[in-house]
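J.: Each chain is listed here by its residues.
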Amino acid sequence: MFTQIYVLRFPKETSDQPYIYQLVKEYDIEFNILKADILLQREGVMILELKGSSKHNVNAGLEYLKGLGVQVERLAARIHRDDEKCFQCGACTGVCPVGALYIKRPSMEVLFDPQKCTGCSLCVTVCPVRAMAVSLAEEWVVPEELIV
Amino acid sequence: MTKQKISKTYEEINARIKAGEAVVVTAEEMVGIVREKGAEQAAREVDVVTTGTFAPMCSSGMFFNFGQMVPTIKASRVWVNKVPAYAGLAAVDAYIGATEPCEDDPLNKIYPGEFRYGGGHVIEDLLRGKKVLLEAKAYGTDCYAGRKMKKEVCLDDLSFALLCNPRNGYQNYNCAVNLSDRAVYTYMGMLKPHCRNANYCSAGELSPLLNDPLYKTIGIGTRIFLGGGIGYVTWHGTQHNPAVPRTPGGVPRKAAGTLMVQGDLKQMSPDWLRGVSILGYGNSLAVGLGIPIPILNAEMATFTGVSDKDIYTQIVDYGHDYTNGIVRSYGEVSYAQLKSGSIIVNGKEVQTAPLSSVVKAREIACMLKEWIASGRFLLNHPAETLPDGSE
Ligand code: SF4
Ligand code: SF4
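Chains as they are written, first to last, in the UniProt record's numbering: chain A, 1 to 148; chain B, 1 to 391.
In isolation and in its complexed conformation, chain A is listed as follows:
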């Protein structure tokens, strides 16, 4: 099993292609949309978690996307929690889709497990004191060509 998060940038010509359908059908890749910003006839950006039986079949799917002119970058972005700011309310635990933010019982401490975090950034704006921050700086985005 191979899981990795990618930032996909779609040129506007591809926005009407059934690429997701192809990924699932032809390449047997499961996906989880973490963030999508796509408008018809405009360039779109999507952050997808792709899951395949091996790195090989995920790569094959990515090759297919690149063939369509989609720019593929691996997202190494990690979300960081500022523990000074966090006041342990727990609001974020209701939105985190993977349980990276969770409550320890019975103490009701709110814990963050960066290992589990997929970088979806749902918690960022939900946190009332902005304790969760994305580091989406360029250096965090690894161009697919450089991935060995």
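Note that these hints are calculated values from the structure, not bench results. Fair warning: this is a prediction, and the values are worked out from it, not measured in the lab. Among the hints, erroneous ones may be present.
[Unchecked claim] Derived coverage of chain A by chain B (criterion: at least 3 residues anywhere in the stretch with Cβ under 8 Å from a Cβ of chain B; other residues may be distant): (1) 86-92; (2) 106-120; (3) 128-134.
No residue lacks a Cβ here, since even glycine has one placed at the ideal position from N, Cα and C.
Please arrange chain B with the ligands on chain A, whose structure you already have, making use of the hints.
T.: Below, chain B with the ligands alone, put in the same frame as chain A:
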């Protein structure tokens, strides 16, 4: 020979505090003590139970006086860091409310709005020692000829800064779900469509008014922990509504009593007053509040011994009902269930998330316990208790 029922006065308890002999425990610790020893014995052993809560509390704000200039001014409009304050008081007095957003905030025009800066943040910035930009406009009079004022001030520059919160410390609150088919962004957080999450906001067994459900000791003049400093209960809060259904133990089964509290902002701390941004809803202030409860008798021991499993609240739909003023409950759940991480709504398991920090509530109860145990904080006999709903 039967033992006499225990009965203590505020004076006796304060004498023990001064002597460093008072036995002080937190409301969480009290649960086990009452369960093991019974209320009568617990009342004999324990003098004070401390409570705490730390959560966004919208009806909060600060009265302040920002000092005169030459020519003198009677400010009619005031902004602090571009957040409008209410200036219809006296010449250089104003009130800034926690929920007031910055004037150029896009609000919900870009939905859901982020509300990055508001009145609550101004209060936090002042406590952090930061300079804030104060601007005022006036129409000018013969005695106050000034028309404009613009200056940077920090908390020390203000001659008066009073945290004054017309409604804090809600005694119990709704558990919020969303039964509609679109996500909603509420003051109870983001609620997914089709009831896929449930948010609640109370410190439960640590919460001040849930430990004195019938307002026997908390009243006007009660000295409290407020924002890291000392404050007072000064009235019942807005929307105080004691006449709600209650458990046999007197605990309200839905939102009931509230408190108006105030205290000198200058002795408070940014650790316990935090500006907050609630996605799609607005700004607010997270307030740390802690109230000591004197264990005058076995009845007060029973009240403070209340545990999460004896405190219930109602499940309310914020997708449709709340905004349409429909009062309807989708079931009753206990705080023990809410804190377990999931509840059952309409036969389906739903994940829960708190908005009120239990960790910080506990920290407040522990700080207050330490203040009292070390003799630094005495209890006030309330001048009047809060309206309890009886005629
Ligand atoms: S970004 Fe936030 S919400 Fe998303 S997985 Fe990480 S911790 Fe959870
Ligand atoms: S929502 Fe923010 S403050 Fe609350 S527990 Fe999560 S990270 Fe901490």
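J.: Are three or more residues of the region 128-134 of chain A within 8 Å, CB to CB, of chain B?
T.: Since three or more residues must qualify, the claim that chain B covers the region 128-134 of chain A holds, with 3 doing so at under 8 Å.
J.: Between the region 106-120 of chain A and chain B, are there enough contacts, at least three residues with CB-CB distance under 8 Å, for the coverage claim to hold?
T.: It holds: at least three residues are needed, and the region 106-120 of chain A offers 5 whose Cβ sits within less than 8 Å of chain B.
J.: Given that the region 86-92 of chain A was listed as covered by chain B, double-check it with a C-beta distance under 8 Å for 3 or more residues.
T.: holds (count 6)
Checked against the numbered hints above, the structure breaks none of them.
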